[in-house]
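Asker: Here is how the chains run, residue by residue.
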Amino acid sequence: MEVFLNWNFIQELILSTIRMATPILIVALAELYSERAGMVNIGLDGIMAFGALIGFLVSYSTGQPLLGVLAGAVGGIVINSVYAFCTIHLGAEQIVYGMAINIFAPAIASFLYKIKFGISSSLAQATLMQEMPIPVLSSIPVIGKLLFSHTPIIYLAYLLVPLSYVFFSKTKAGLNYKAVGEFPKAAETMGIPVVRTKYLACMICGALAGIGGAYLTTCYISTYSDGVVSGRGFIALSAVIFGRWMPGGVLLAALLFGFTDALQIRLQVLNSSTPYQLLAMIPYLCTLFVLAFFGIKKAGPAANGRPYFREER
Amino acid sequence: MEFLKMDGITKKFGNAYANKNIVLSVKEGEVHTLLGENGAGKSTLMNILIGLYQPTAGEINLRGEKVKIDTPAKAVKFGIGMVHQHFMLVEAMTVFENIILGTTKESSAFIKKEAMKKEIRELADKYGLNIELDKPITEISVGAQQRVEILKALYRGAELLILDEPTAALTDIEVIGLFQIIRKLTAEKKSVIFISHKMREVLEISDRITVLRAGETIKTLDKEQTTATELANLMIGRELVTSEYSKVIQSGENVLELDQVSFNSSSKHNGICNLSLNLYKGEVLGIAGVDGNGQSQLAQLVTGNLVPEHGTVVLKGDRVSNFVPKHFIDSNVSHIPEDRNKMGLIGNMTVKENLILKSTEKPTISYGKGGFIRKRAIKLFADQMKKKYDIRCASLDQEIRNLSGGNQQKVILARELEEVPEMLVAVHPTRGLDIGATKYVHDKIIDARDQGCGVLLISADFDEVLKLSDRIAVMFEGQILGIYSGQNPPIHEISLAMSGKESERSSSNEIK
Chain F
1 MEVFLNWNFI QELILSTIRM ATPILIVALA ELYSERAGMV NIGLDGIMAF GALIGFLVSY
61 STGQPLLGVL AGAVGGIVIN SVYAFCTIHL GAEQIVYGMA INIFAPAIAS FLYKIKFGIS
121 SSLAQATLMQ EMPIPVLSSI PVIGKLLFSH TPIIYLAYLL VPLSYVFFSK TKAGLNYKAV
181 GEFPKAAETM GIPVVRTKYL ACMICGALAG IGGAYLTTCY ISTYSDGVVS GRGFIALSAV
241 IFGRWMPGGV LLAALLFGFT DALQIRLQVL NSSTPYQLLA MIPYLCTLFV LAFFGIKKAG
301 PAANGRPYFR EER
Chain V
1001 MEFLKMDGIT KKFGNAYANK NIVLSVKEGE VHTLLGENGA GKSTLMNILI GLYQPTAGEI
1061 NLRGEKVKID TPAKAVKFGI GMVHQHFMLV EAMTVFENII LGTTKESSAF IKKEAMKKEI
1121 RELADKYGLN IELDKPITEI SVGAQQRVEI LKALYRGAEL LILDEPTAAL TDIEVIGLFQ
1181 IIRKLTAEKK SVIFISHKMR EVLEISDRIT VLRAGETIKT LDKEQTTATE LANLMIGREL
1241 VTSEYSKVIQ SGENVLELDQ VSFNSSSKHN GICNLSLNLY KGEVLGIAGV DGNGQSQLAQ
1301 LVTGNLVPEH GTVVLKGDRV SNFVPKHFID SNVSHIPEDR NKMGLIGNMT VKENLILKST
1361 EKPTISYGKG GFIRKRAIKL FADQMKKKYD IRCASLDQEI RNLSGGNQQK VILARELEEV
1421 PEMLVAVHPT RGLDIGATKY VHDKIIDARD QGCGVLLISA DFDEVLKLSD RIAVMFEGQI
1481 LGIYSGQNPP IHEISLAMSG KESERSSSNE IK
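Sequence lines, in order, name chains F and V. As numbered in our numbering, residues 1 to 313 make up the first sequence, in order. As numbered in our numbering, residues 1001 to 1512 make up the second sequence, in order.
Next up, chain F with everything else stripped away, as it sits in the complex:
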């Protein structure tokens, strides 16, 4: 018990929670923007894998992790535009195309990695992004170290939450955006460009999910390996449902998942006698549990997942 109440342990746990929650938060926000415009995208895991690879490649060859993250965003947009075109323009089933992205994108990422580095047992190492303590704020005792001594991507992720809240709840553009996900035909008759909004939603989703993937290989671990995403995209998907399609809720959900992830790693270290596979299950069990209890009540956008055709009778 003593180990748990140790201040160092708690501090490390909080820090780790914040870091672990970041990719889930960014990607959950990606899904939030997508679903608010009625686009259910279950291909987050695939987009993340692709973003992770592109981010790693650029970071490796330029030595600039920040450039890697930007490239990850671009990569995410490119991959997600396949989904966007097929589902918006051709009216294809969103779930099917999301699944297609999940199968196709990690495979192509793995393929590109092997072209560049060949098949070898040692993984290429890139430089990790440096932490960027915020002046003044980071020197506040306790909180400074916990909250204001992180990489820029972490600041970006957490800053996106209040910004998204303001966008969806206070601005006209946000109201129009939400209307597209609720009742596209009504939005169209009100002069809101439905198709354009849906494409925009896919761009935002691709960019953020790409950043979420690139975060893993530029800020979290310095290598790329297949399966680096390890289901985080799906956890993010459930964070949106758990968070009731609200930015604040999504933040709480991401923190919860981040916490379970951080906790299980520490438990692995402390309990070497317990098989680590059992402990590694905790975040996924937590997801299952949350979905079983909070996934029932329908609260999402009313036209979520449905294709839209203007001239449909």
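There could be a bad hint or two in this list.
Chain V side only, calculated, beta carbon under 7 Å to chain F, not exhaustive [to be verified]:
no., residue
1, 1090
2, 1096
3, 1097
4, 1102
5, 1109
6, 1111
7, 1115
Since the hints were made in silico from the structure, they are not lab data. Glycine included, each C-beta is placed from N, C-alpha and C at the ideal position.
Dock chain V against chain F, hints included.
Answerer: Chain V in isolation, oriented as in the chain F frame:
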């Protein structure tokens, strides 16, 4: 002065013409009615006008200038607003949010609530539109939702307001209120296109009337120079014979008996309380009553969709113990459900498939009791039904949701009445149908009765109940307040009973 001129508008869906060379002109400050049966092309024409559909040919002129309306945003800019029959309101948002949705009046990115609300309130007061801005859409009445739609259009600076079947969902008092609003609008030099097929209303509110039939313009008339009969004849393209149905008095065999049946009896609006009722073979028993007094539950109980909590249901002499729809279907009970889109039809399946939904196990339809489908036989059967019931569709393989309401109802009739049932439960059988289709449905119901079918007719349309019923039962808060003869029914007493006053019942000519 002429505000709008639509000239030679043609719209094709696939190979079918929805609009063919339509001409329509609307003057400033007038109420112009578009009159036509379901599927005459009214909605298509209006969807072209608001930029939702692109016409295949033809041009639109506004105040004498040719315009191209290729997006709804443009229609809004040109001052054209439409109140759709199925309201275009986002249910997850408030009244206020729905009104300001998509507006570009203010350059600010943020929603300036107070300033906008003030402006909306002034506008609402000007036209007598009484609404509560902060309520969610789901919490206001249908009439109020309609006022929100009108206000939405006016807030966007609409000069021409299109009202698509605005009275269909309103009570009589709400209709009076709507007409007052329309008069205020025209007094302000705004034009209104009014779409309806209720003759009385059309003649009351319109200045001019354009009749459409089968996608073509038939004639434009001044209200003063026409009559309801002329309009009806133009609309359906032949002389409309209003039928009077003979009434019969049956007292023989019961096809259905309910004894002290209760379901959810504590609810006044969605329950049934100790209800006893009998239905003879070969009669129409009409259930009159204001919507939401348990009629819907009654219909579902006697078709096996609900299980009663107390009491007995006897069908053709046997007490029912197994309340599943299949038992009732196998006992030859047919059901025309209250909402054809929710219960009667599967929208994404074809006309053909919907026609055989109930009879897939029949040897004429499939081999080995529902094993393999007999495609040729089904096609033949569907073709026959199409002819016999006059189902108008481009193809029998068309998805049924693309058919007009009247034609959808005909598909249900074909399915439910083709093999004459022993009992028919018909709930709001003509809701949303035009004159021609309504008469058709009525004829079919009476035909079934004359072949010995017991018909339980539930309708919120009192005139319909009076016209068809051999006996009339009045339902109020889940109970039957009285049963009256269908011949020379005491209308005043029935109306009283419908509002729950049963004091005069003892002296009524109740028959058993």
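Asker: Against this structure, judge whether each hint is valid.
Answerer: Hints and how they fare:
no.: 1; hint: 1090; in the structure: holds, 4 Å
no.: 2; hint: 1096; in the structure: violated, 10 Å
no.: 3; hint: 1097; in the structure: holds, 6 Å
no.: 4; hint: 1102; in the structure: holds, 3 Å
no.: 5; hint: 1109; in the structure: holds, 5 Å
no.: 6; hint: 1111; in the structure: holds, 6 Å
no.: 7; hint: 1115; in the structure: violated, 13 Å
Consistency with the previously given hints fails for numbers 2 and 7, ordered from lowest to highest.
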